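Student: Put chain B on the given structure of chain A with help from the hints.
Protein chains in written order, with numbering that gives the first Met the number 0: chain A, 0 to 347; chain B, 0 to 347.
Bear in mind the hints are in silico, worked out from the structure with no lab data behind them. Any given hint could be a false lead.
Any copy, or any two copies together, can satisfy a pair, since identical chains are not distinguished.
Below are the DMTMM-like pairs computed for lysine to aspartate or glutamate, each with C-alpha atoms no more than 25 Å apart in a straight line [to be verified]:
1. K46 <-> D151
2. K34 <-> E221
3. K305 <-> E221
4. K187 <-> D204
5. K249 <-> E14
6. K34 <-> D44
7. K249 <-> E10
8. K249 <-> D19
9. K336 <-> D19
10. K104 <-> D64
Nothing here was measured: the structure is a model prediction, and the numbers come from that model.
Number of protein chains: 2
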Amino acid sequence: MFENSEKTNIEQLGEFGLIDHLTKNIKLTQPGTVKGVGDDAAVLDFKNKKALVSTDMLLEGIHFDLAYTPLKHLGYKAIQVNLSDIYAMNGIASQVFVSLGISSKFPLEAVEELYEGIYLACEKYNVDVVGGDTTSSRQGLVISVTAIGYADENEIVYRNTAEEGDLLCVSGDLGGAYTGLQLLEREKLVYLENPNIQPDLEGKDYIVERQLKPEARKDIVELLKSIEVKPTAMIDISDGLASEILHICKQSNKGCNLYEDKIPIDPMTYETAREFNLDPTVCALSGGEDYELLFTIKQADYDKIKLLMDITVIGHITEPSAGCNLVTKTGLVHALKAQGWNAFPPAP
Amino acid sequence: MFENSEKTNIEQLGEFGLIDHLTKNIKLTQPGTVKGVGDDAAVLDFKNKKALVSTDMLLEGIHFDLAYTPLKHLGYKAIQVNLSDIYAMNGIASQVFVSLGISSKFPLEAVEELYEGIYLACEKYNVDVVGGDTTSSRQGLVISVTAIGYADENEIVYRNTAEEGDLLCVSGDLGGAYTGLQLLEREKLVYLENPNIQPDLEGKDYIVERQLKPEARKDIVELLKSIEVKPTAMIDISDGLASEILHICKQSNKGCNLYEDKIPIDPMTYETAREFNLDPTVCALSGGEDYELLFTIKQADYDKIKLLMDITVIGHITEPSAGCNLVTKTGLVHALKAQGWNAFPPAP
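Pulled out of the complex, with its shape left as it was, chain A reads as follows (with noise of 0.2 Å):
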């Protein structure tokens, strides 16, 4: 993976050495960060706020394939993947943690890259790295970020306070990350066979950096503070969008209509998925990793949304023994059923 670039030998820094190297350019820009890296633990100053925080582990072999994920993009997607979860809250992050377990066999070069994607996406959403910690692994990689946001608290969005009649919506469109894998990891086999064939990406940008580069929506949380729409609910989609209906209804003791027709899928994530003999419904219901917001809204405030063109209602919330219902195409009617991604599958 690393051939043709001078390696330097993670040992002769040893584990402090390390953290040096990599902190060293670290810029602080978060008014809340009294002191980051340095100490045996960051001092921050949340004022008058309440601090959000969230925590999200990924492993090698389980949520990433070095096969075919760079490790920039692996940086740059712990990273969204973890400040999603405070944007869910309808929080503004403001620092994290990042804490590896790296094989000793990985160059400098190949750490380097990692963090490049970390601070890359930290500087895109304004973040501060402020702690962590770095080892040794005799198994795979593994990164463990601790995101940290801030809101007022009567900002703080949370999943259990949907009420009836309010509207189901999503952000921009589901699905991609999914169909995005099944590329990957069909270009995988295809390169395992024949490592002379080059993979065969063209014209699939979209959906692969769905998959690899996932973008946290920040402007959703602005875009709604903008307009002066807080949501009644929110959750961001990791699992796959039945699951998190299903986390929001069960949460809040309500049900809900999902309409099938209403989900937003980009055409690039249907044609794909119809090329793998998969349902584009159920890649955008089951497949998970696309890292939207999924929130409610008072009927009230459907004018101010409507015509905005990265939201789209896709149901509404009912009584809670109307159950979790799916509406399909044809007008039939299923339960919602969770299918999402499990971090536990069961055996074959």
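Tutor: Positioned in the frame of chain A, the structure of chain B alone reads:
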């Protein structure tokens, strides 16, 4: 390892089922915990205090060996290691996030045992478990903990604020965790050679506990507060006394004299080090994992601490040009070197 107990398959529960199962009995006791497990992020309220955040990752095969580490102890230690960082800032620990990567071969009962230790530590130290992540791991067990705490701004103690003339102090005694590890490693080898031989740890409880079940020194932080001594600089001893002293001196831009004959070493540590043909002083200087507190105080505070059994003055801070020195029992002066535990050890 789990032969005698009834086993429940994690896969049957799935990720959300497992999280529900493990978190359903959580009691929140910290007034600052607005929202714990169950949303995209935890919501915390620090009021007019500063927040302290620290994170540590423990990997199987690097930081622990399941051959002699009971899972309950491991869970307990994973929490202590992180709380120790908050106390080292002179703060009060209040919340933790626990992320686990577990092989799906682990039965539910094993995960429960790990969590038992986690909850035990949190209850004892009055800390809320407010979130985390649970995922399957293809390789070994991965534990990543983020600890949160708080302090008034003027109470926080950094590493870089030691002054010339300050006394260098340490809590408890040192080298125990390392000699305990030697013992456990020896008994593991004996067992691997002949599984019929039971481990011989008799009379060695203290140092075995130092390794397997360390206690973060919350009591020392409280003690110092009660006698109105605010350390001028502080760090916890995770990598060995020498390494931590050098951190304080380097970051404070000072030198120091450390007196070998003052370093507190328990008789059992001393005796066991000798059994292994190790120099007890080296075990204390470079062994690590004692999770005691190393701190500096003003000379004027000496009278307040001189009679405290659990605090030992081991040296003093000097001007930077004097360097960092170890004054041996025979009066020789050596430059202090960090040979502490390195997460990236050079290949043998």
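Student: Does each hint fit the structure? Answer for all of them.
Tutor: To see whether the hints hold, each was checked on the structure:
For the homomeric pair K46 and D151, the shortest alpha-carbon distances inside one copy (10 Å) and between copies (12 Å) are both at most 25 Å. Only between protomers do K34 and E221 lie at most 25 Å apart by alpha-carbon distance; the minimum there is 23 Å, versus 27 Å within a single protomer. Taking the shortest Cα distances, K305 and E221 sit within 25 Å of each other inside one copy (17 Å), while across copies they are farther apart (57 Å). Taking the shortest alpha-carbon separations for K187 and D204, only the intra-copy value of 16 Å comes in at or below 25 Å, while the best inter-copy value is 53 Å.
For the identical chains of this complex, K249 and E14 are inter-copy neighbours only, at 16 Å across copies versus 45 Å inside a copy, given an alpha-carbon limit of 25 Å. For a Cα distance limit of 25 Å, the shortest separation of K34 from D44 qualifies both inside one copy, at 10 Å, and across copies, at 19 Å. In this assembly of identical chains, the alpha carbons of K249 and E10 lie at most 25 Å apart only when taken from different copies (22 Å versus 49 Å within one copy). For the identical chains of this complex, K249 and D19 are inter-copy neighbours only, at 13 Å across copies versus 46 Å inside a copy, given an alpha-carbon limit of 25 Å.
Proximity of K336 and D19 under a CA criterion of 25 Å is satisfied inter-copy only: 18 Å between copies versus 48 Å inside one chain copy. With identical chains, the CA atoms of K104 and D64 are at most 25 Å apart both within one copy (17 Å) and between copies (21 Å).
In terms of the numbered hints stated before, the structure departs from none.
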